[in-house]
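> Here is how the chains run, residue by residue.
2 protein chains.
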Amino acid sequence: MISKVLFKVEDSVEMELEVSANESLLDAAKKAGIAIDAPCSGNGTCGKCRVKVIGGKAESGNQRFISPDDYADGWRLACASQAESDLTVLVPASAGAYKNRIKITELQTGRDKAVFERLRGELRDMGYLGSVPGTQDSGIELLPLALEQASLDDPLGDRERLLRGIAEKLRSRSPETPAPAVDLSLYALRKLPWILRESSFACTCVLREESSGGYLVLDIFPAGAAPLMTGLAIDIGTTTVAGVLMNIQTGEVLATGSGGNGQIRYGADVINRIIESTRPGGLERLRKAISEDSIIPLVRELSSRAGIPLEQIYRVAVAANTTMTHLFLGVYPDNLRLEPYVPAFFQAGQLRCVDSGLELHPNAELLLSPAVGSYVGGDISAGVFSSMIFKKRTYSLFIDLGTNGELVFGNDEFLMTCACSAGPAFEGGDISCGMRATDGAVEACRIDEATMEPTLTVIGNGKPVGLCGSGLIDMIGELFRCGIINARGKLVREGKRIRRDEYGMGSYTITQNLSITEGDIDNFIRAKGAIFSAIRTMLTMLDFSMEAIEDVYIAGGIGSGINVEGAIRIGMLPKLPAERYHYIGNTSLYGAYAMAISCGAARRIAEIAQGLTYLELSAHSSYMDEFIAACFLPHTNGALFT
Amino acid sequence: MISKVLFKVEDSVEMELEVSANESLLDAAKKAGIAIDAPCSGNGTCGKCRVKVIGGKAESGNQRFISPDDYADGWRLACASQAESDLTVLVPASAGAYKNRIKITELQTGRDKAVFERLRGELRDMGYLGSVPGTQDSGIELLPLALEQASLDDPLGDRERLLRGIAEKLRSRSPETPAPAVDLSLYALRKLPWILRESSFACTCVLREESSGGYLVLDIFPAGAAPLMTGLAIDIGTTTVAGVLMNIQTGEVLATGSGGNGQIRYGADVINRIIESTRPGGLERLRKAISEDSIIPLVRELSSRAGIPLEQIYRVAVAANTTMTHLFLGVYPDNLRLEPYVPAFFQAGQLRCVDSGLELHPNAELLLSPAVGSYVGGDISAGVFSSMIFKKRTYSLFIDLGTNGELVFGNDEFLMTCACSAGPAFEGGDISCGMRATDGAVEACRIDEATMEPTLTVIGNGKPVGLCGSGLIDMIGELFRCGIINARGKLVREGKRIRRDEYGMGSYTITQNLSITEGDIDNFIRAKGAIFSAIRTMLTMLDFSMEAIEDVYIAGGIGSGINVEGAIRIGMLPKLPAERYHYIGNTSLYGAYAMAISCGAARRIAEIAQGLTYLELSAHSSYMDEFIAACFLPHTNGALFT
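Residue numbers (this note's numbering), protein chains in the order written: chain A, 1 to 642; chain B, 1 to 642.
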């Protein structure tokens with residue numbers, strides 16, 4: 001049976017289409033291009049895709065997330081309902097909320113600026129940045145030229161004249177080496193006749209060293225011009241995309257920003273995204289969601305804020321987990337989740353940005369940080385580089401708190417890594433009051449034990465809007481310290497800040513518009529449990545004690561810092577002296593930044609990826625037991641944390 | 001003043017737009033996307049852009065091509081008229097006739113097949129094709145592989161597994177040489193996970209050798225597949241575009257075709273095209289006219305006729321004159337016509353087809369035959385190669401009869417070249433009864449001296465539609481032999497086949513719908529005069545007598561042959577024994593074909609371009625005198641031809 005379904009999006013468009021009897025309303029909405037959030041990717045497990053049938057008949061098997069009153073009113077889960085007649089369906093504005101979640105905001109510039117500064121220092125110390133005077137660490141340089149003017153006696157073509165001039169210049173620079181091959185991009189060729197005649201055949205070239213040893217003229221400017229040559233670093237997280245635009249020669253940061261990953265409407269975690277990619281058109285939908293909805297707007301924003309034309313971006317370095325790199329390039333990722341868990345690629349080879357739909361300089365390179373395996377991606381290779389743990393004699397633990405949690409343990413001799421599924425809680429996902437670490441996010445809090453009144457620290461000092469990762473860790477630590485929640489995360493005190501809904505679900509009121517529910521706390525406890533049990537299982541497998549860890553580096557976009565005491569109190573991090581803990585921010589982005597400005601750093605990151613040994617936690621029989629024990633506050637074995 | 005102009009295209013669309021007082025109706029039509037032929041590019045010299053003003057007021061200064069009656073009726077030259085009020089303008093269907101002129105037809109397959117066969121023989125003899133067993137002259141090969149299956153113990157990524165397999169195979173083939181760099185195209189990477197799992201990790205790769213010495217996997221197919229690997233050769237003439245699709249390994253021709261150059265509506269010759277390119281938006285208009293209106297439809301037609309998907313075309317080789325290569329790549333050509341006549345490029349370097357807007361395999365290379373200078377282009381380098389005159393001990397003269405006429409004279413020791421502006425007469429342009437050498441074209445004729453009745457030979461043996469180059473040479477030779485026209489090309493006999501219009505312009509009636517006018521004859525005489533005077537001036541400059549020419553190779557799309565006797569009789573070609581003349585067809589296309597299938601041939605063509613010495617005819621004071629003397633039938637010095 002074919003029914004006509006008219007979607008009416010609240011405060012927005014109407015769209016009618018024909019729908020067959022076995023098609024869910026969620027699938028139909030996708031076809032019509034109507035955005036409905038479905039973090040569980042339509043599996044009926046998140047309850048987010050609520051729509052209201054205001055005309056016609058549509059029953060649904062799954063009524064779990066709809067109260068009987070609401071069901072009677074016409075509310076349905078779009079993923080669990082089919083049209084049984086022609087329908088009129090109201091899509092509430094909140095169903096497309098991901099659109100707000102992908103809004104671009106600036107990074108915490110103060111903190112990040114210092115990180116980029118520190119990283120440039122490290123690169124210099126390692127000989128990767130400006131260490132040898134005259135070397136071009138980025139492989140891209142400005143070459144000023146004064147060519148002989150064309151005449152009837154010397155009617156050489158403009159291109160051949162330019163290449164002759166460059167060859168002479170390169171020869172004079174190193175007379176011993178044979179002349180390298182030099183080519184001209186079509187982009188520069190199109191500008192060439194104009195530029196040469198603008199200043200009597202003098203000009204400035206942007207020259208890139210190629211992996212083959214030759215050179216490519218990327219761009220050309222009039223003599224005396226000092227164009228900014230820029231590059232971009234992008235971290236594609238499952239939940240968040242962050243970028244930084246920099247001067248590719250000096251590393252100077254020109255603009256930073258981050259936004260949500262536009263794929264979140266197809267699933268909150270990588271497994272649901274992979275499932276979506278196996279559906280008809282799914283792979284291309286996901287590719288577009290990350291490229292067109294997230295990266296391109298972010299790049300445009302950065303370029304316009306810095307006043308740099310897109311054509312002057314000559315390189316993009318991307319770090320991301322393995323699923324994200326597959327989806328970004330439009331490569332089928334399903335084998336990542338099927339035994340033997342083999343990605344289509346670790347390294348992506350030589351790519352142009354334009355191949356992935358990024359229209360910058362037409363010859364701009366696309367560098368991808370190489371993956372270690374299906375569940376330890378290029379974000380970790382880049383992160384380990386920027387943490388610098390691979391240079392240390394002493395043992396370090398690196399923890400990336402993302403939607404997936406990844407751990408790396410080792411020193412300058414060996415590095416072991418493993419992954420666990422933490423869920424998006426640390427990035428504010430799957431938490432009703434969660435949000436990214438941006439203006440309005442509560443990043444720290446104190447609760448008065450007697451009155452249960454909270455004191456909040458808000459990013460940007462404005463009105464609190466939600467809780468970012470660090471705020472969440474603090475909040476739950478404080479609720480537990482004050483005895484407001486018990487070891488299982490249930491609310492056990494009463495008072496004006498404690499409420500319960502008709503089904504008995506408790507919540508703690510933070511502000512008039514902000515509260516944290518027992519469901520949120522439960523999601524968070526599973527996330528922290530996954531991290532702690534992974535740490536313990538890995539160290540046990542390697543026969544190391546917790547005390548062997550000299551330094552713990554915590555990475556991820558959780559906020560401006562982490563309350564280590566609180567995190568230990570709730571059993572998320574091992575009990576070690578506080579000074580051993582270092583919160584080092586979005587190391588994936590910082591590693592991508594290093595790749596963009598330094599060819600040496602890019603090579604080193606590739607070596608790190610090759611040198612990391614992957615441990616499969618699920619191969620260790622005790623991991624599940626460890627996880628269950630860690631899903632308490634702080635742990636079934638409380639002695640570990642006191 | 002702004003007026004509203006409504007264009008009504010006969011039997012087609014209507015379009016209204018606002019037009020300012022100083023804008024010509026031709027420019028307004030261009031903006032509205034309405035096709036109006038203007039071979040003189042709107043200079044008021046061709047009289048082709050006739051439109052009829054049926055409402056409102058529009059006077060025009062230039063009334064030369066409009067009779068007083070027609071003018072009173074509202075007929076105007078669009079290029080010479082401006083809106084003086086709101087207008088309604090009728091655009092006759094014939095104004096967009098270029099659309100028919102760019103229709104794609106098959107090449108004369110019989111003849112061309114033999115040429116391609118001969119060329120393959122020559123390439124084999126020269127060691128450029130299949131000479132050494134196992135070598136890949138095209139640089140593209142099929143490599144079958146059986147990879148180890150992925151397992152939990154060997155979870156290498158698909159891409160890395162494939163590259164490992166290729167490296168092993170290449171090493172086993174030449175154990176001495178160091179392992180070359182191998183990369184995978186994104187196109188192949190996207191297919192890889194599917195293909196590998198389709199036949200237990202066995203597959204067939206399309207491997208291209210790169211100029212850097214490494215390899216790129218262009219494509220991947222299931223094990224046992226024997227995909228056709230194809231390439232395209234394209235000749236972009238000022239008037240005509242021709243193409244051939246071939247098996248890139250064997251050279252086997254899969255489809256051929258030709259069509260008009262879509263740029264003809266912006267001017268019949270290169271100078272008018274260059275002028276158009278200097279107008280706002282002109283360069284992009286011309287680029288699109290050749291790419292979107294001519295090459296892309298031709299490529300689609302060839303691909304669909306041969307049943308080859310566009311993605312299986314891995315290389316395109318293009319030969320064209322210097323203006324055409326500039327316009328095809330979107331490079332500003334104005335310096336070609338300004339002293340010191342310097343092109344933006346002789347060679348185009350390494351390009352991808354997609355950079356020029358041709359969407360074939362995303363990594364398909366675009367090879368351009370290199371130019372000698374502004375007026376001797378890559379079509380001549382390619383043509384000299386396929387004529388093989390560069391291998392001969394004896395002296396040869398190579399003549400390319402195109403819109404521009406180019407000559408090459410020399411042997412295996414030296415090659416001199418010059419160019420003259422012949423106009424498009426030999427390709428049927430600028431001739432009221434002219435057409436390309438395709439079905440319906442009169443390619444030869446006899447006239448009975450007594451009755452003046454013609455006997456026609458028509459390509460395809462159907463109804464005569466027009467005259468192609470060889471038919472025109474024959475026709476004018478016969479009219480002259482029969483005393484119907486005199487030495488100045490004027491009709492001097494009377495009879496039922498002779499007509500005169502109200503202005504006294506005579507014409508000879510060929511069939512009921514076909515006649516040749518004194519204007520046509522005049523255009524043709526100037527074309528043949530340009531060729532002959534160029535031959536004479538060049539040989540005089542080099543101090544060679546005409547008799548020194550052992551062989552004359554005539555190239556160009558004039559038809560299936562040339563009546564040498566007739567061409568000598570009218571003073572177009574020097575008086576030499578008929579057996580010294582060889583009509584060798586579209587040598588530009590044949591040279592491009594050789595480039596596409598053989599890297600050795602491509603290198604040799606580049607050497608030829610570098611070895612050709614250019615003579616500037618206009619630097620020789622006697623050239624103008626020679627030209628004027630040659631603008632008679634046969635010549636002011638008739639003794640040269642008897």
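Because the hints were derived from the structure by calculation, they are not lab data.
All residues carry an ideal CB built from backbone N, CA and C; glycine is no exception.
Mixed in with the good hints, there may be bad ones.
Claimed, not checked - If you anchor each label on the Cβ, the simulated ranges turn out as follows:
#1 B:169 with A:624: 40 to 46 Å
#2 B:200 with A:309: 37 to 43 Å
#3 A:339 with B:175: 44 to 50 Å
#4 B:209 with A:357: 38 to 44 Å
#5 B:209 with A:33: 40 to 46 Å
#6 B:146 with A:31: 55 to 61 Å
#7 A:33 with B:121: 56 to 62 Å
#8 A:31 with B:175: 36 to 42 Å
> Does the Cβ-Cβ separation between residue 339 (chain A) and residue 175 (chain B) fall within 44 to 50 Å?
violated (36 Å)
> Hint says 55 to 61 Å; check whether the CB-CB distance for residue 146 (chain B) and residue 31 (chain A) agrees.
About 41 Å separates the Cβ atoms of residue 146 (chain B) and residue 31 (chain A), which means 55 to 61 Å is violated.
> Has the hinted range 56 to 62 Å been met by the Cβ atoms of residue 33 (chain A) and residue 121 (chain B)?
holds (58 Å)
> Mind checking the hinted window 40 to 46 Å against the Cβ distance between residue 209 (chain B) and residue 33 (chain A)?
Since the Cβ atoms of residue 209 (chain B) and residue 33 (chain A) sit about 45 Å apart, the hinted range of 40 to 46 Å holds.
> Is the distance from the Cβ of residue 31 (chain A) to the Cβ of residue 175 (chain B) consistent with 36 to 42 Å?
violated (56 Å)
> Return holds or violated for the Cβ distance of residue 209 (chain B) and residue 357 (chain A) against the range 38 to 44 Å.
Since the Cβ atoms of residue 209 (chain B) and residue 357 (chain A) sit about 29 Å apart, the hinted range of 38 to 44 Å is violated.
> Evaluate the given range 37 to 43 Å for the C-beta pair formed by residue 200 (chain B) and residue 309 (chain A).
violated (50 Å)
> For residue 169 (chain B) and residue 624 (chain A), compare the CB-CB distance with the range 40 to 46 Å and indicate the outcome.
Distance hint for residue 169 (chain B), residue 624 (chain A) holds at roughly 44 Å.
Hint compliance for this structure: hints 2, 3, 4, 6 and 8 are broken, all remaining hints hold.
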